[in-house]
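Residue numbers (numbering that gives the first Met the number 0), protein chains in the order written: chain A, 0 to 246; chain B, 0 to 285.
In short, the hints are calculated from the structure, not lab data. Check before you lean on any hint, since a few could be wrong.
[What the hints assert, rightly or not] Pair ranges (Cβ atoms, derived):
#1 B:Q257 - A:K163: 47 to 57 Å
#2 A:A161 - B:N103: 51 to 61 Å
#3 B:G148 - A:F174: 30 to 40 Å
#4 B:D64 - A:I173: 50 to 60 Å
#5 B:D235 - A:T169: 38 to 48 Å
#6 A:I173 - B:H247: 20 to 30 Å
#7 B:R189 - A:I173: 37 to 47 Å
[Stated by the list, open to error] Below 25 Å or equal to it, Euclidean Cα-Cα: the simulated SDA-like pairs (lysine to any residue) are:
#8 B:K73 - A:I200
#9 A:K96 - A:I66
#10 A:K212 - B:K85
#11 A:K212 - B:G116
#12 B:K141 - A:K163
#13 B:K141 - A:S215
#14 A:K126 - B:E127
#15 A:K221 - B:K73
#16 B:K85 - A:P135
#17 A:K213 - B:N103
#18 A:K212 - B:G80
#19 A:K163 - B:G148
#20 B:K60 - A:E129
#21 A:K212 - B:K7
#22 B:K123 - A:E129
#23 B:K85 - A:E196
#24 B:K141 - A:T214
#25 B:K141 - A:K96
#26 B:K141 - A:R198
#27 B:K131 - A:S215
#28 A:K212 - B:Q78
#29 B:K141 - A:V64
#30 B:K123 - A:S191
#31 B:K22 - B:G148
Remember, predicted model here, so these are calculated numbers, not experimental data. All C-beta atoms in this analysis are idealised placements derived from N, C-alpha and C, irrespective of residue type, glycine included.
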Amino acid sequence: MKQNILLQLHPMTKFFFTLFIFAVVLISPGYIFSFAIFPILILIAMLAGVAKEFLNIVIKALVTVLIFIFIMQMFFYPGENVLWEWGIFEIKQEGIKYGLLLTSRILAIGSAFILFFRMTEVRDFVKSLEDIGLPPMGAYVVLSTLQIIPEMRRQANTIMEAQKTRGVETEGSIFVRAKAFIPTLTPLILSSIAGTEERAITLESRAFSAPVKKTSLHQLSKSNMDRALPIVFALVVIGLIVWRFFL
Amino acid sequence: MTAMIDLKNVSYRYPVSDDSVLKNISFSIEKGKFTAIIGNNGSGKTTLCNTIRGFVPHFYKGELDGEVIIDQTKITDYQLGQLGEKVGYVFQNPFIQVSGVKDNVFEEVAYGLENLGIPVEEIKVRVEEVLKLVKIEYLRDKNPFELSGGQRQRVALASIIVMDPEILVIDEPTSQLDPIGTQQIFEIIRLMKERGKTIVLVEHKMDLIAEYADDLLVMHKGELVMQGPVREVFADPEFEKYQIQYPHVTEIALQLQQSGIPLTFLPIRDEELADALNRTEVAAHD
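Just chain A, same shape as in the assembly (with noise of 0.2 Å):
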């Protein structure tokens, strides 16, 4: 794997990266300065490897909702400067104003968190939730989720075989599906909760609740920029807050 100074980065550093993003979005007046973070991240990824993933996330999940909000206070915010009117639906300069200004929150706040993940292994980021003093069953219900879901998902096609040798049809219209999904969620459902118990003794037969501080094979270590830049961020967004409130 290519070492990458971006990547590399303690996952506190980058969630405090993240926050700190929150923080000047919502500081920051107007919308100028919000939509001129967006590039900014979209640089960050390129330069941590991640700009493709992060893209097309950011597409798939945000760019609907945005569009959404965004004609929707074009339409229906309070306001006197009507531009366009067609039957009760007017265009007024306010929305369009205040349309923008929450979109382009929505934008850098969203495409933030979502480079976030896209740039730290939920690994990492648990693993050091958990040296600042997550519990380990926390850590471990976070951890696990996320191996599960394919597990299930293996679990689940098995099921689907299965039900097909027994004569259900799992193919064909969509009546059929779903007509289908019953006899295959049951099972799945079932099994998995029938599941737990067995699941809890094997973490028990592995000590997982014996008594001493537990070790861990992956540390993480903080380099002397892991240590600078949440100073930076610090400083910064005490600097903005002075200079919108006070001066």
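Use these hints to put chain B onto chain A, whose structure you have.
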């Protein structure tokens, strides 16, 4: 010799069932002994294992009567977490015995040691050693969810023996393995015995039990019906009553006896058959 596992008049009933799964069971296993539990399906073998491991009564509720004493201490006086270090339990279903939080076999095997708070350097050394022992080094970077049944069974065994417990309870560790794999597992169990571990094994493969185990416990419908050294139990005519398989060679020997060929003793290992026949021939010639 001190008793490592000591059960006195133990009966157990699962929470919602009417019948006891274990009925008045008493036995004692000495430190360093390899004991096999045999019996037909549903005879209570796995429940017995759960009892030794402390999942009964710490995890499964229900009614437990009698005393279970592990290493001089009553099981009810242990906390469940403390027993993890003392009694290693490899259970039957290899597909569920995955922690679910590790992406590769190396870390999967290391998981128990992490939970025990062993220093990282030592964990690495111990995991390496166990991977080699169980012959799964080639799996080290694989995802534990993507292994075959046999591979998972080996990983499950490795994950437990790496924790170095004094007592190993192993429930059908070879159900998914081919004959060579099975032989290898038994070799590992033998090695554990040489290291002074007390071993309790549930298995249906009588040939291997005859070869490796010291003592036998025979379960039948929740009762402990026979116990003693392997050879004595197989030789006891009562054994036939419980419809449990004999080692193949013993089966043959019994057939031979029935058809009138005398044997000096009842062989339980393949290589003993010739011996048992030869000696009688020598005796006949004399």
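Outcome of the hint check:
| no. | hint | result |
| --- | --- | --- |
| 1 | B:Q257 - A:K163: 47 to 57 Å | holds (50 Å) |
| 2 | A:A161 - B:N103: 51 to 61 Å | violated (30 Å) |
| 3 | B:G148 - A:F174: 30 to 40 Å | holds (38 Å) |
| 4 | B:D64 - A:I173: 50 to 60 Å | holds (57 Å) |
| 5 | B:D235 - A:T169: 38 to 48 Å | violated (55 Å) |
| 6 | A:I173 - B:H247: 20 to 30 Å | violated (57 Å) |
| 7 | B:R189 - A:I173: 37 to 47 Å | violated (59 Å) |
| 8 | B:K73 - A:I200 | holds (21 Å) |
| 9 | A:K96 - A:I66 | holds (14 Å) |
| 10 | A:K212 - B:K85 | holds (17 Å) |
| 11 | A:K212 - B:G116 | holds (5 Å) |
| 12 | B:K141 - A:K163 | violated (31 Å) |
| 13 | B:K141 - A:S215 | holds (19 Å) |
| 14 | A:K126 - B:E127 | holds (24 Å) |
| 15 | A:K221 - B:K73 | violated (47 Å) |
| 16 | B:K85 - A:P135 | holds (22 Å) |
| 17 | A:K213 - B:N103 | holds (19 Å) |
| 18 | A:K212 - B:G80 | holds (12 Å) |
| 19 | A:K163 - B:G148 | holds (24 Å) |
| 20 | B:K60 - A:E129 | violated (32 Å) |
| 21 | A:K212 - B:K7 | violated (35 Å) |
| 22 | B:K123 - A:E129 | holds (21 Å) |
| 23 | B:K85 - A:E196 | holds (22 Å) |
| 24 | B:K141 - A:T214 | holds (22 Å) |
| 25 | B:K141 - A:K96 | violated (54 Å) |
| 26 | B:K141 - A:R198 | holds (20 Å) |
| 27 | B:K131 - A:S215 | holds (22 Å) |
| 28 | A:K212 - B:Q78 | holds (16 Å) |
| 29 | B:K141 - A:V64 | violated (39 Å) |
| 30 | B:K123 - A:S191 | violated (33 Å) |
| 31 | B:K22 - B:G148 | violated (33 Å) |
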